[in-house]
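Trainee: Hey, can you work out the whole structure from these sequences and the hints?
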Amino acid sequence: MRNLIYCFSILIVLASCTKVIDVDLNDTDPKFVMEANYTAEDSTVRVKLSLTTSYFDNEPQATLDNLVVIITDHLGNPTQVPFIGNGSYELTNYIPNFNTDYTMTVQYEGVTYTAVSRMNPPVQLLPIVYEYYPPFFGLEAGYITFLRFNDPPGIQNQYIIVMSLNHVEEKNLTDFYLQSDELSDGNLVERPLFRENPFQIGDTVGLELRSMDRGVYDYFSEILSIAGGQSSAAPANPKSNWDNKGLGYFSAYSNSRIEVVIE
Amino acid sequence: MKFYNAFLFSLISFLSVGQNFTISGTIKDATNGEDVYGAVVMIKELENVGTTTNSYGFYSLTLSQGEYTIVYRSTGFETQELKINLNQNISQNLELKIPADVLEIQEVSVNAVKENNNITSSEMNVTRFDPKSIETIPVLFGEKDILKTLQLTPGVKTAGEGNSGFYVRGGGADQNLILLDEAPVYNASHLLGFFSVFNSDAIKDVSLYKSGIPAEFGSRASSVVDVKMREGNNKKFNASGGIGLISSRLTLEAPIVKDKGSFIISGRRTYADLFLGLSKQDIPDNTKLFFYDLNAKANYRISEKDRIYLSGYFGRDKFALGSDFGFNWGNATGTLRWNRIINQKLFSNTSLVFSHFDYEFTIGEGDDGFGISSSIQDWNVKQDFTYYINSNNTMKMGVNGIHHTFKPGALTGENESFNEIKLDSRYAIELGVFIQNETKFGSRWNLMYGLRYSGFDYLGGPKVFEFDEDGNTTSTENTDRWKTVKYYHGLEPRLSASFIISENNSVKLGYNRIFQYLHQLSNSTTSSPTDNWVPSSNNVKPQIADQIALGYYQNLNKNMFKISTEIYYKFLQNQIDYRNGADLFLNDEVEGDLVYGTGRAFGFELQVEKVKGKFTGWISYTISRSLRKFDQINEGIEFPARQDRIHDLSVVLMYRFNKALAASASFIYYTGSAVTFPSGKYQVAGEYVPYYTERNGYRMPDYHRLDVGLTWYMKERKRFDHSLNVSVYNVYARENAYAISFQEDPEDPSKTQAVQTTLFKLIPSITYNFKFK
Chain A
1 MRNLIYCFSI LIVLASCTKV IDVDLNDTDP KFVMEANYTA EDSTVRVKLS LTTSYFDNEP
61 QATLDNLVVI ITDHLGNPTQ VPFIGNGSYE LTNYIPNFNT DYTMTVQYEG VTYTAVSRMN
121 PPVQLLPIVY EYYPPFFGLE AGYITFLRFN DPPGIQNQYI IVMSLNHVEE KNLTDFYLQS
181 DELSDGNLVE RPLFRENPFQ IGDTVGLELR SMDRGVYDYF SEILSIAGGQ SSAAPANPKS
241 NWDNKGLGYF SAYSNSRIEV VIE
Chain B
1001 MKFYNAFLFS LISFLSVGQN FTISGTIKDA TNGEDVYGAV VMIKELENVG TTTNSYGFYS
1061 LTLSQGEYTI VYRSTGFETQ ELKINLNQNI SQNLELKIPA DVLEIQEVSV NAVKENNNIT
1121 SSEMNVTRFD PKSIETIPVL FGEKDILKTL QLTPGVKTAG EGNSGFYVRG GGADQNLILL
1181 DEAPVYNASH LLGFFSVFNS DAIKDVSLYK SGIPAEFGSR ASSVVDVKMR EGNNKKFNAS
1241 GGIGLISSRL TLEAPIVKDK GSFIISGRRT YADLFLGLSK QDIPDNTKLF FYDLNAKANY
1301 RISEKDRIYL SGYFGRDKFA LGSDFGFNWG NATGTLRWNR IINQKLFSNT SLVFSHFDYE
1361 FTIGEGDDGF GISSSIQDWN VKQDFTYYIN SNNTMKMGVN GIHHTFKPGA LTGENESFNE
1421 IKLDSRYAIE LGVFIQNETK FGSRWNLMYG LRYSGFDYLG GPKVFEFDED GNTTSTENTD
1481 RWKTVKYYHG LEPRLSASFI ISENNSVKLG YNRIFQYLHQ LSNSTTSSPT DNWVPSSNNV
1541 KPQIADQIAL GYYQNLNKNM FKISTEIYYK FLQNQIDYRN GADLFLNDEV EGDLVYGTGR
1601 AFGFELQVEK VKGKFTGWIS YTISRSLRKF DQINEGIEFP ARQDRIHDLS VVLMYRFNKA
1661 LAASASFIYY TGSAVTFPSG KYQVAGEYVP YYTERNGYRM PDYHRLDVGL TWYMKERKRF
1721 DHSLNVSVYN VYARENAYAI SFQEDPEDPS KTQAVQTTLF KLIPSITYNF KFK
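For the protein sequence lines, the chains are A and B, in the order given. Using the numbering used here, the letters of the first sequence correspond one by one to residues 1 to 263. Using the numbering used here, the letters of the second sequence correspond one by one to residues 1001 to 1773.
Incorrect hints may have been included.
As the list claims (entries may be wrong) - Negatives, chain B to chain A, calculated, CB over 10 Å:
#	residue
1	E1047
2	T1051
3	V1071
4	L1082
5	N1087
6	N1093
7	I1302
8	A1332
9	T1350
10	Q1383
11	S1443
12	T1476
13	D1480
14	L1556
15	R1600
16	K1761
To be verified - Simulated pairs of lysine-lysine, PhoX-like, Cα-Cα distance not exceeding 20 Å:
#	chain 1	residue 1	chain 2	residue 2
17	A	K19	B	K1751
18	B	K1486	B	K1407
19	B	K1612	B	K1558
20	B	K1422	B	K1463
21	B	K1761	A	K19
22	B	K1612	B	K1132
23	B	K1260	B	K1236
24	B	K1751	A	K171
25	B	K1659	B	K1751
Derived by calculation from the structure, the hints in this document are not laboratory data. A quick note: this is a predicted structure, and the numbers were derived from the prediction, not measured. Ideal Cβ positions, reconstructed from N, Cα and C, are used throughout, including at glycine.
Mentor: Now the structure itself:
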């Protein structure tokens, strides 16, 4: 909905113009950032540990190596996630139990950071349909695909959708589509996935439907509102599932995938 | 308690008056028969004795027996004097004439009533003007806009570039009570804020109260903007209108029965969508983007003592992209009034007021379509009395009750992906009872003091929610339609006092306490029609504002220059903000996303006006702060509110070369608003996101702009007048920052940048106005 209003504002301010400017920003002490994913599809836990950097700094973020990262299942069994280099940690062959909570802890400078995420079961995608759209407000003509799936009734579900074009995944933050079932619980969901560059004949389009933990879904919904230049009146850091003011998130998720060739 | 005893005592003391007679009547404009509001009625022989007409043109003065010269005076009219021998009660109606030579009345002022009324009245610096007096001030797209003119006065700040939303003395945009013929207007802007809903052609008078607010007004914490519609010409038929770049206007007015009743209908429609075709973008057929306004009013004098008024406003914005997407919203208000002159000293007004605002989205059509809608609706019954006790005391009292219906949102449609949802309607009753007296002590002291009792009976919806400290729902209870869920009430003392040092200078003091029971939820930078109003409830407490203001006023050079200075301090309780990631849209449990804190605002305002001569205008300057404090925001440390702009300067100049030509210019400068910028960044899912430390810890760049305009009054004919107005907005094409966003460099995702958006650079416009008379 916000996007529709945004669209509407753009229409009004067709006469507006933009330019890159210099802004003098204060620097803050580097803060601890933990980006952790546990993917059911390949039974792998991936963690990236780093520090924040100044906003206009063009150097990559400093990474943190050789910290102790532990994942614990709902029965309380801890497993260490081994360091693999360059701030990355990875644990493979870690078999998921759906509908259970996983806890991750990281120790850094004497503080133990903890986050909990629920591993929800996958929801199956239905075959993709697509439709031709004529040129629209500066967007070129082409095909738009529809997300289709049956939402499981009676339980709260929330999803992140990742698209791929000719087997190249568009898995950056601002490429994500978010979907929750607050307005569509238990329904056959059919939603057009609008994009800047619509698909053309011959393209292979893939969709991935990730079943997310509620808290992590909210985190992404909040962070999308401050990423990509969208400005809210009072932007703030999203609520993370890490305690002790840790930045980032810990997400356990499962997924389903489907593909179609536009003809 | 002492205060209330003193209050009662002073009320009783009025009853001890001697053998006096009353002169009363109604003052009208001789050209069109409309009531003259705020005309001064003075006694030449007596110092500091006089009154002003109320909004229905009525006045009443009680004096001891004697011979007097009564002086009737109002801005833009010839002053009239009348000798009377007051040995019985006299009923004296009067028509004031407009001088033949328009240049003689170059008193173009936002504060002009009596030449030195700004000095002698007890009211603090009430900003009042007639839309005609500001018609030459240059404006965006040539659309005269009373709310934008108010923004050029001290203490009033614009909500943003070209925006008709405003902040008064550090208060929020929802803390302004905007009344159109007594009906509250819930969303006073069109096209996301670029135009106000007030069509100047239909407006007679605008008054802004920002301190020492009279007890007759309540329910908004910061200010009252009281807009009065014209009644229409009751002497002969008139048609007037204007053709502009983006809109056209037409007003028709005529007597129903000559000198007894009249009507006015005024309409306006924009056609901005026609320009969409010129854009290079591919735009679907059947794309609409317009708004319209319709003001209508009729009045009829049933008897010498009774008069009925019926007025209404209907406005709507429509936006559609073919059949894919539609968005429309609008206000409707209606006011039915009955004036009765009960006797020469007692004036009564009874009103039934209706106000409605709603918005609706439609997406898709047929089987795929769905719609979202929301509304707020009021029914208000009011009874006011004005009792003209004697020449030193005028008492007002009244009572009103409002029934509010809130429909926070509903999603309906054929689209099978969505379940229909309908957030439950919520209801409330708001009460107000007030008594107020305006009194004079000797020749130096004027005092207006009053007390308002306000109550708010939250009746809830079918479900009543309770939340814990983190905003999680702890209980959901069912309740009956007319059962009180929560009752809030409070006493609101009001005071304004003036001490007249001489006829050229005075000192004034104002205090008011106001409870605000309705709150508008908004977390976007622009005002949006989707910003819902929510009532105070078991979770949301009423906002309370206390304000004290002190002013010094000086007139120079035979009232040619008026200088006013005021300082104020305002304390706000139960201010509302949002938790991070609050979902304000279609959320039944939105109250769980709100957090509460306090605010304070203080400042100094200076205005120098030149009100007479060929050259008129004013300079206004404000230095002020507005701060907020919330436990859950900014780690509990006080932070600047968005409307915290330290310096604010407006210069408005108007020059009348001759009968045919008038020029004007306005210059605006203000410190950039407080804003939150990042102090660091980190990557999430492969992209840089900003890291924020403090709320509103930065400033937007300073804003400044110059507008100029030229009005050519073409040769006047007996039955036809016309004029042409040319104006340029932002003459030197300053690139003012509308927004600054922080994002990845699209060309190099490893870098980040700040991008400034500018809206309007050098916008010329032309408007042609005409009048058949």
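Trainee: Does each hint hold? Answer for all of them.
Mentor: Hints and how they fare:
no. : hint                : verdict
1   : E1047               : holds, 53 Å
2   : T1051               : holds, 46 Å
3   : V1071               : holds, 51 Å
4   : L1082               : holds, 55 Å
5   : N1087               : holds, 66 Å
6   : N1093               : holds, 49 Å
7   : I1302               : holds, 47 Å
8   : A1332               : holds, 22 Å
9   : T1350               : holds, 41 Å
10  : Q1383               : holds, 40 Å
11  : S1443               : holds, 51 Å
12  : T1476               : holds, 16 Å
13  : D1480               : holds, 28 Å
14  : L1556               : holds, 43 Å
15  : R1600               : holds, 19 Å
16  : K1761               : violated, 7 Å
17  : K19(A) / K1751(B)   : holds, 16 Å
18  : K1486(B) / K1407(B) : holds, 19 Å
19  : K1612(B) / K1558(B) : holds, 10 Å
20  : K1422(B) / K1463(B) : holds, 13 Å
21  : K1761(B) / K19(A)   : holds, 14 Å
22  : K1612(B) / K1132(B) : holds, 16 Å
23  : K1260(B) / K1236(B) : holds, 12 Å
24  : K1751(B) / K171(A)  : holds, 19 Å
25  : K1659(B) / K1751(B) : violated, 61 Å
In the structure shown, a violation is registered for the earlier hints numbered 16, 25, in ascending order.
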